[in-house]
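A.B. asks: Each chain, letter by letter, is given below.
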Amino acid sequence: MYDYKAHLAPSATLADEILKQLTKINEQTQTKTAVIRKNGNEIYLNTTTTNLRKFNMLLNHTHRLPLTNLFCNDEIAINGHFTLYYTYSHHLQNCHFIITVPITPEEPNFPSITKITPAADKYEREIRDLFALEPLEHPNPTDLIYHGNWQNHPPHLRKSVTDLSQPPLPEAKDVPEPALITIDSPDVYQIPVGPIHAGVIEPGHFRFTVAGEPIINLQTKMHYTHKGTEKLAEQMTIQQGFFLSERISGDETFANSFAYCLAAEKIAKAEVPLRAQHTRIILAELERIISHFGDLSGIAGDTANLFLASQFNMLRIMGYNLAHYLTNTRFLRSTNKLGGVRKDFLKGKEHGAVEQLKAIRREIIDTTEIAQNDTMFLDRLEHTGVLYAHTAYDLNATGIAGRASGLDYDVRKNHPYSVYDQFKFAAHHLDCGDVSCRFNVRLSEALSSVNLMLSVIDGLKDGEISVPLPDKLPPYEYAYGITEAARGENMHWLMVGENNTIYRYKVRTPSFCNWMAVPYAVNTNLVPDFPLINKSFNLSYSGNDL
Amino acid sequence: MTTLITYTFLQIIIMLLLAPLPTGIIRKIKARFQKRRGASIFQPYYDLIKLLKKPQVTISTTSSKVLVLTPYILLGSTLLAACLVPLSTKVTVNLPGDMLVLVYTLALGGFFLTLAALDTSSTFGGMGSSRENTLKSIIEPALIIALVTLAIYYGSTDLRKIMIESANSSLSIDPVHLLLLLALLMVTITETARIPIDDPSTHLELTMIHEAMILEYSGRHLGLVELAAYLKQLIYITLIANIFFPHDQLISFGGILGIVLSLSILVLKVIIISIILGLIETNTVKLRFFSIANYAALAVILSLLGFLCVYIF
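Protein sequences appear in the order of chains A and B.
Letter by letter, the first sequence follows residues 6 to 551 of my numbering.
Letter by letter, the second sequence follows residues 111 to 423 of my numbering.
Don't take every hint at face value.
[Unchecked claim] Incomplete in silico selection of chain B near chain A, CB under 10 Å:
#1 F143
#2 K145
#3 G236
#4 N278
#5 I305
#6 T317
These are calculated hints, taken from the structure and not from any lab test.
Bear in mind that the values here come from a model prediction, so they are computed numbers and not experimental data.
We put the CB at the ideal spot given by N, CA and C, even for glycine.
Bound conformation, chain B alone (with noise of 0.2 Å):
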C-alpha cells in the first residue's frame, strides 16, 4: 500500500513536471526552422509559474459556477489520466484503471472545457466548442480502434501489460506497430491541437480551434487550463513512447537506480518525439477545416489497417 501510494506520488509528480517540456521544445524547434532564436525551452515552465501567481477574473456576467469549476475538474481528470500511463514499468502504480478508462477520463475534462466554453455565451466559445467537439468525434474512431487493436495484439486493455508485453517482445519492424504508431501520432496532433489541425500560437480567434475555448480564462485558472493541456500533450507523447519504443528490457537492474535510469530513457523519448512533432509542424500548413475530414478518415483507414493486420500476420 505504502509503495502504491509512493508510485502514484512519484508518477504524478514526475507528469507535472515533465509536462511543459515538449511545448517547450516544439517551439524552440519552430524557431530554428524560421531562422530565429527562440525562447528557452523552458519559458512554457515559466509562463505557468507566471499565470498560478496570478488572480482569476471573471468578466461575464452571464457564466454560472461551471466556469469556475471547469479548471480544477479539467485538471483533476488529466491527473488521473496520468496515472492511468505507464511510465515504467519499474514504477508499478496498481490503479485499476485501462486504457477506456484514461481515454474517456481524459474526455471527461473535454466535456466540461466545452460546458465552460458555452457557459459564457461569448460567440467564439460556442464557435471553438463547436469546431473541437467536431473534430473529437471524427478522430476518435482512430483512437479506439488503434487501441482495441493493441489490446487483442497483446491481450489485454490494461496499459501496463500491453507495455511489458510490448518490452519482452523482440523488436523487429512488425505492421501492426509501424500503422498503429502512425495512426496515434495522428491522433495526437489532433488531440493537442497542433498544425496541421489547429495553429496554437494564432491571434485570430476566427482561426481558432482549441483557443478559442479558453479565451475567457486568465490568470490561476488560464494556468490550471493550460497544464492540463500539457499533461493531455504528454500523456499521448508518453503513450506513444512507452507502447511502440518500450526500454526497460535494455535495464537489467531493479531499485532505485534501475527507476533512475529508466525515467531518464523516458525523458530522452519524449524530447525525441517532441523534436519528431515539432518538425511536423514546421513542414505542413494548417488543412483548411473541412479538409480535416481527409485527415480523420486517413487515421483511422491506418489504424483498421493496423487491426486486420493482426489477422493476417
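For reference, chain A alone in the conformation it holds in the complex (with noise of 0.2 Å):
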C-alpha cells in the first residue's frame, strides 16, 4: 500500500540544514555559492544548470518542499545572461528557498525537471514560449501559450522584442490541429467542448475522451486570451503597475493588488501603519467570501439544488452590499494603494460593517445546516471528483484544492504576512479530496473569515491610513509579495528596474497551478458530473491566460 501520508509529510529539516546541503552540492563542481536573505524568508541561492537536477532532487524529492513558482528574468542588460529563479517553499519553516540559476544567451536551454517534478511542466514550457528558451528533456515540449493561430509570436518577454504589434494570423489551413491525445477505438469516443462555451465564461478547450458516460481522459488547452501582462508591465512605473495588477482577475482585484503592494512595500522598506494593515485583511477576507459564496452557489446550482443556490447568492450580494457600503465599489478597485490604503474606509462604518458581517454569520450559520442535512445533494458531492493527495502535491494544487485534499497549507498561517499573525482565526482542511471535501473546506473557511473580520474590527485603532513611499526605488531590488487569494496562494514578484519603472513583474495565480489539477480529479467520472467537480474548483481563466 502506497503511504501517501509519508510521501506528504513536509521536511521539518531547519532551513540552515538545508542550505548547508545545497552549498555541498555546488562545491562538488567548484560553483562558489552567494547566499542572499531577503525581506524576512526569501532565501536567494546560485547554482549552475549542471547542479539544477541535484538541487531539484535535494528540495522537491528528499526534503519534499513543493515547486511553488518557476520563472525567467531576462537580465541581460544587468549581468549578460538569463535567470531562471526556482522557487521552492518551506511551510513549517516560513521560509521560500529562490534557486537562481544563469542561461546564456549563447546556449538557450536548460534541463528540465518536469520528468522528476510534474509541478515544472507548465512553467517550463512558457518560458520556452516567452523567452525561446528550450527546456531539454521535457516529455512534452509543445506550446503552452502560442498555440494554434499565436504561432508566429517572438518570444515577447526577451527584453530585445519591442515590437508588440499582432504578427499577421496564419491562414485557416496553416493552423496545426491541436495535438492532443486521440484514441482509435470503437468503443472511445471524443467530447470536444469549447473554446467557446454557452455560458458567459471565457475560452479554454476541454477535450473528453469517454468510453460511454465515464472519462477515461481530459485534456485541456487554455491561454486563448494571452493577454501580454507580464511584459506590459515592464513599461510601466511602479504606480501604473499597481493598477495592472489589480486588473489581472476581476474577482481577485484586491488580493492582487494587496501581493503587488507588499511587494514594492518590502523592497521600499516601508513600514505600513496599522490600520492600513486592519483595513486591507478586512477588505481581502471580504473578497475571499464573496468569492467562496460565488462557489458554493455554483456547486449548488450544478446540482440543481435551487434552494440553496440561491442562498449562497443571496450571501454573496451580502458580501457585495457590505464591500459597496464600505468602499462604495463593489468589486474592491482602487481601494488599495502602495503604502496603505486609499480612504480610511471604516471610519463611523464599524458598527454598520459589524451588523451586517453578524447578519451573515447567521445566514452562514443557517444555511450550512439546511445543507449538510440534504442527503441527496451530499450524495451528489461524495465521491465525485476525488484528487487525491499525492497528486494535489506533486501538482502543487494551493488553495481550497489543495486543502481538501489533505495539505494543510494556508499562505496566512505558514507564510504570514501584513498583520495576519496578531489574529486566531480557524484554518481548515479535510483529507478525502472530493467535491463534498472543497464544498465543506470553502464553507467552514467563509464562516472563519468572518470571524476574522469581526475581530479585526473589534481591535481597530485610530492612526495613519498610509505613509508614502520614496519617489524612487533602489533599481534593480526585487521581492516577493505572496498573498492566500480565494483560491489559494497568489505569488507576485516584482523587481524594480531604472528610474521607478518596473523591470520585471512575474504573476502566479492559483488558478495557473490547479488548471493542471483539473484534469485528474476528473479522470473516471461521469460526463454529466464534470461543470460540477470543475466548479467545485472554480479557476479563473484571466488569472491563468495573463
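Assemble the dimeric complex from its two separately framed chains, guided by the hints.
C.D. replies: Structural data, given as C-alpha cells:
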C-alpha cells in the first residue's frame, strides 16, 4: 500500500541545514555559492544548470518542498545572462528557497525537471514560449501560450523584443490541429467542448475521451486570451503597475493588488501603518467570502439544488453590499494603494459593518445546517471528482483544492504577511479530496473569515492609513509579494528597474497551478459530473492567461 | 360524425392552449422557493409565440431532411396522442386507439427526435440521444406495467372506458391506485425531463439530456419541438388527473354547461398537479446519471406491486 501521508509530510529540517546540503552540492563542481537573505523569508541561492537537477532532487524529493514558482528574467542588461528563478517553499519553516540559475544567450536551453517534479511542466513550457529557452528532455515540449493562431509570435518577454504589434494571423489551413491525444477504438469517443462555451465564461478547450459516460481522459487547452500582462508591466512605473495588478483577474482584485503592494513595500522597506494593515485584512477577507459564496452557489446550482444556490447567492450579494457600503465599490477596485489604503474606509462604519457581518454569519450557520441535512445533495458531492493527496502535492495544488486533499497549507498561517499573525482564526483542511470536501472547506473557511473580520474590527485603533513610498525605489531590487487569494496561494515577484519603472513583474496566480489538477480530479467520473467538479475548483481563466 | 369532428377539434384546441401552462406554473413555484418573484406563469406562451414568429436557421452542412421534418412529425404524433387522452367523459372523442397506441405514438415522435439529434452529427446530439434513449428504455417497463395493470383492473385498455369506470367506482384509497399513481408520477418526471432526472433550465451542455437533443433547433422549429414537449407533459398530467382523480361523477347535468364545468375542473386539477411537480422539483436535486437506474427500478417495483395488488385485494 502506497503511504501517501509519508509522501506528503514536509521536511522539518531546518532551513540552515538544507542550505548547508545545497552548498555542498555546489562545492562538488567548484561553484561559489552566494546566499542572499532578503525580505524576512526569502533565501536566494545560486547554482548552475549542471547542478540544477541535484538541487531539485534534494529540495523537491528528499525534503519534499513543493516547487511553487518557476520563472525566467532577462537580465542581459544587468549581468549578461538570463536567470531562472526556481522557488521552493518551506511551509513549516516559513521560508522560500529561490534557486537562481544563469542561462547564457549563446546556449538558450536548460535541463527540464518535469519528469521528477510534474509541477514544473507548465512553467517550463511558458519559458519556452515567452523566452525561447528550450527545456531539455521535457516530456511534452509543446506550445503552451502561442498555439493555434498564435504561432508566429516572437519570444515576447525578452527585452530585445520591442515590437508588440500583432503578427499576421496564419491562414486557417495553416493552423495546425491541436496536439491532443486521440484514441482509435470503436468504443471510445471524444467530446470536444469549447473554446467558446454556452455560459458567459472565458475561453478554454476541453477534450474529453469517454467510454460511454465515464471519462477516461481529459485534456485542457488554455491561454486563448494571452494578454501580455507581464510584458505590459515592463513599460510601466511602479505606480502604474499597481493598477495593472488590480486588473489581472476581476474577482481577485484585492488579493492581486495586495500582493503587488507587499512586494513594492518590501523593496521600499516601508512600514505600513497598523490601521491600513487592518483595513487591508478586512477587505481581503471580504473578497474571499464573496468569492467563496459564489463558488458554493455554483456547486449547489450544478446539482440543481435551487434553494441552496439562491441562498448562497444571497450571501454573496450581502458580501457585495457590505463592500459597497464600506468602499462604494462592489469589486474593491482602487481601494488599495502602495503604502496603505486609499481612504479610511472603516471610519464611522464599524458598527454598520459589524451588524452586516453578524447577519451574514447567522445566514451561513443556517445554510450550513440545511446543506448538511440534504442527503440527496450530499450524495451528489461525495466521491465525485476526487483529487488524491499525492497528485495534489505533485502538481502543487494550492488553496481550497489543496486543503480539501489533505495539504494543510494556507499562506496566512504558514507564511504570515501583513498582520495576519496577530489574529487567531481557524484554518480548515479535509482529507478525501472530493467535491464535498471542497464544498465543506469553503463553507468553514467563509465562516472563519467572517469571524476574523469581526475580531479585526473589534481591535481597530485610530491612526494613519498610509505612508508615502519613496519617489524612486532602489533599482534592480526585488521581492516576493505572496497572499492567500480566495483560490489559493498568489505569488507576485517584482524587480524594480531604472527610474522607478518595473523591470520584471512575474505573476503566478493559484489558477495556474490548479488548472493542472482538474484533469486528474475528473478522471473516471461521469461526463454530466464534469461541470460540478470544475465548479468546485472554480478557476480563473483570466488569472491563468496572463 | 359532426359531433366527433367538433369534439376532436375542441380537444386539440384545449390541449394546445393548456399545454404551456404547467411549465409556467412549475417555473413560478421554483422561483418563489428561491425568494425570487419569477416570470409570469404565461411566460412559456410568450416564448412560444416569439419562437414561432422567427424563421428556422440550419447551419449544419451535413444534415438531411430529417432535421427539417422532425418538428412536424413530432408535433403531429404528439397531437394525435393528445386526442387519445380522455379530457372529460362529457367530451366524447371516440377515435380508435387505446393506451398502447398512445404510448407508442409518443415514442414515434421520440424516435424521430433521436434521428434528428444524430442527423447533424454534433457531439452533443449523439450524447443527448444516447442518454434519452437509455432513460426511456429503463423507465418504459414501469409505464407499461402500470398501464396494463389499470387495464386489468378496469377490464379495458381504452383510456376513456377506464376513466368512466374510475369515475363510477367509489372514491376510496385503494392500494392499487396509490402504487400506480406513484409509479406514473415518477414516469412523468422522467418523460418530461424534469429534476431529479434532468435539469431543464441548465446551460451546461455536458449535463443535458433532453435539451442536448434539440440544441440544433432554432426559431419556428424550436418552437414546434418545445410545444410538442409541453403537450407531452400535459398528456401525462391529464392521464394522472383523470384516471386517479376523476371528477365527472360530481357533475350531474350535461349539455354545454356540463362540458364547461367539467373542463374547468380539469384545468384546476392540472394546476394542482403542476404545483406538486414544482414542489418535487424544488425539494430534490439532480441525480447522478448512473443512479437514475435505481430510480427507474423503484418505479418498476411500484408498478409491479400495484399489479400484484390487483390479485390480492
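A.B. asks: Tell me the numbers of any earlier hints that the structure contravenes, in ascending order.
C.D. replies: Checked against the structure, the only hint that fails is number 4, while the rest are satisfied.
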